[in-house]
Amino acid sequence: MNNYYFIVGGSAAWAEIVRILQEKKIPFTWMKSDTEGAVSVPYEKIDEVIAAGFVPVVIGAECGRSDVKVLKKYRHHVNASPLEIVSVWEHVPLATRWQELVLAHDEDCFNEFDYSTEIMRELCRRGFSRDEIDKVRALDREIRGITGAEEAAADECLQKHFTQSKGLLVVANLPHSRYRAVLDRVFWLQPMQNVLVLTTAGEFLYAGFADIAMGLQRNFRIQYLHYCWAEGHYADMAEQVRIIRYLVKASKIKKTDGII
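The sequence shown runs contiguously to residue 338 in our numbering.
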């Protein structure tokens, strides 16, 4: 029996899976996540696929049915990406430099903290060029819903509203909160992440050192905290200045000039 794929969410690896399925004329449905980042495959759709004589395969989400194959994400215990598994099932060798890059990116995504750019450091260590890394990261951001206008706004902020002090990078006046568009770009300015991004809507993100992120939680209005990043709000320019001063002081003892 032939497979029918339900692809949930998005990444560069998922995009390459879709390209393979299109090339081989294998049926699939690509289901993008909602604003909360969650989506599920309706059971009635699975029933329709089975009734049509296909084996349903869900990629990128859980499924509680025993008659469905599930490839949720990179499987570290068997060292296999869903992209690799699909290539074996559908007899499509992964032989190009681009596919090697996408596989490496998918593998490193498994251990990546939200908002971390450690994945880019690892791709550098593996010998991929800046152009290659920028290309796969740009595709990944596009698949995850970051628009061309949001990318352009990130570029403009780096040109007009960027400062650096004591190893702290500050990007201000971002008109959206798609922070990835900024973080991936500033990696090339300072690979050891220690970044503050401030939006025009009174939001901010700090990404870098865990102890500094914890300190922000104790002193400012933090909404989300996860190990090496903190996301919160500021009330006015005075509070924005206090946040920057706090981070500059905390960054003085940090080593941020580490090599890739």
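Keep in mind that the hints were calculated from the coordinates and are not lab data.
Be a bit skeptical, because a hint or two may be false.
Said to hold, decoys possible - Only pairs whose alpha carbons sit at most 27 Å apart, straight line, appear in this in silico DSS-like list of lysine-lysine:
#1 Lys123 <-> Lys110
#2 Lys244 <-> Lys213
#3 Lys110 <-> Lys244
#4 Lys102 <-> Lys213
#5 Lys151 <-> Lys213
#6 Lys332 <-> Lys244
#7 Lys150 <-> Lys123
#8 Lys102 <-> Lys123
#9 Lys147 <-> Lys102
#10 Lys333 <-> Lys244
#11 Lys151 <-> Lys123
#12 Lys150 <-> Lys213
#13 Lys150 <-> Lys110
#14 Lys110 <-> Lys151
#15 Lys244 <-> Lys327
#16 Lys244 <-> Lys330
#17 Lys150 <-> Lys102
#18 Lys103 <-> Lys147
#19 Lys123 <-> Lys147
#20 Lys238 <-> Lys213
#21 Lys327 <-> Lys238
#22 Lys330 <-> Lys238
#23 Lys150 <-> Lys103
#24 Lys147 <-> Lys110
#25 Lys147 <-> Lys213
#26 Lys123 <-> Lys103
Please read these numbers as outputs of a predicted model, since none were measured by experiment.
Results of checking the hints against the structure:
1. For the suggested pair Lys123 and Lys110, the alpha carbons sit about 16 Å apart, so the restraint of at most 27 Å is met.
2. A threshold of 27 Å between alpha carbons decides the hint, and for Lys244 with Lys213 the separation of about 30 Å lies outside it, so the pair is violated.
3. Restraint check for Lys110 and Lys244: the C-alpha separation of about 41 Å exceeds 27 Å, so the hint is violated.
4. Restraint check for Lys102 and Lys213: the C-alpha separation of about 25 Å stays at or below 27 Å, so the hint holds.
5. Only pairs whose Cα atoms come within 27 Å are accepted, and Lys151 paired with Lys213 is accepted, the gap being roughly 21 Å.
6. A threshold of 27 Å between alpha carbons decides the hint, and for Lys332 with Lys244 the separation of about 9 Å falls inside it, so the pair holds.
7. Between Lys150 and Lys123 the alpha-carbon distance is near 18 Å, which keeps this suggested pair within the 27 Å criterion.
8. A hinted pair counts as satisfied when its Cα atoms are at most 27 Å apart, and Lys102 with Lys123 qualifies at roughly 22 Å.
9. Distance check on the hinted pair: Lys147 and Lys102 sit about 20 Å apart at the alpha-carbon level, within 27 Å; holds.
10. Distance restraint check for Lys333 and Lys244: the Cα-Cα separation of roughly 10 Å lies within the 27 Å cut-off, and the hinted pair is therefore satisfied.
11. Restraint check for Lys151 and Lys123: the C-alpha separation of about 22 Å stays at or below 27 Å, so the hint holds.
12. For the given pair, Lys150 sits about 24 Å from Lys213 by alpha-carbon distance, which is consistent with the 27 Å threshold.
13. For the given pair, Lys150 sits about 14 Å from Lys110 by alpha-carbon distance, which is consistent with the 27 Å threshold.
14. Distance restraint check for Lys110 and Lys151: the Cα-Cα separation of roughly 15 Å lies within the 27 Å cut-off, and the hinted pair is therefore satisfied.
15. With a C-alpha separation of about 8 Å, the suggested pairing of Lys244 with Lys327 holds against the 27 Å cut-off.
16. In summary, the hint linking Lys244 to Lys330 is supported, as the alpha carbons are separated by about 5 Å, within the 27 Å threshold.
17. With a CA separation close to 22 Å, the supplied pair Lys150 and Lys102 stays within the 27 Å bound.
18. For the suggested pair Lys103 and Lys147, the alpha carbons sit about 20 Å apart, so the restraint of at most 27 Å is met.
19. Pair hint Lys123 plus Lys147 holds up; C-alpha atoms about 14 Å apart against a cutoff of 27 Å.
20. Pair hint Lys238 plus Lys213 holds up; C-alpha atoms about 24 Å apart against a cutoff of 27 Å.
21. Taking the CA atoms of Lys327 and Lys238, the gap is near 24 Å; set against the 27 Å cutoff, the hint holds.
22. The straight-line distance between the Cα atoms of Lys330 and Lys238 is roughly 24 Å, inside the 27 Å bound, and the hint therefore holds.
23. Simply put, Lys150 and Lys103 have alpha-carbon atoms about 22 Å apart, close enough for the 27 Å limit, and the pair holds.
24. Pair hint Lys147 plus Lys110 holds up; C-alpha atoms about 19 Å apart against a cutoff of 27 Å.
25. Distance check on the hinted pair: Lys147 and Lys213 sit about 31 Å apart at the alpha-carbon level, beyond 27 Å; violated.
26. For the hint linking Lys123 to Lys103, the alpha-carbon distance of about 19 Å falls within 27 Å, and the restraint holds.
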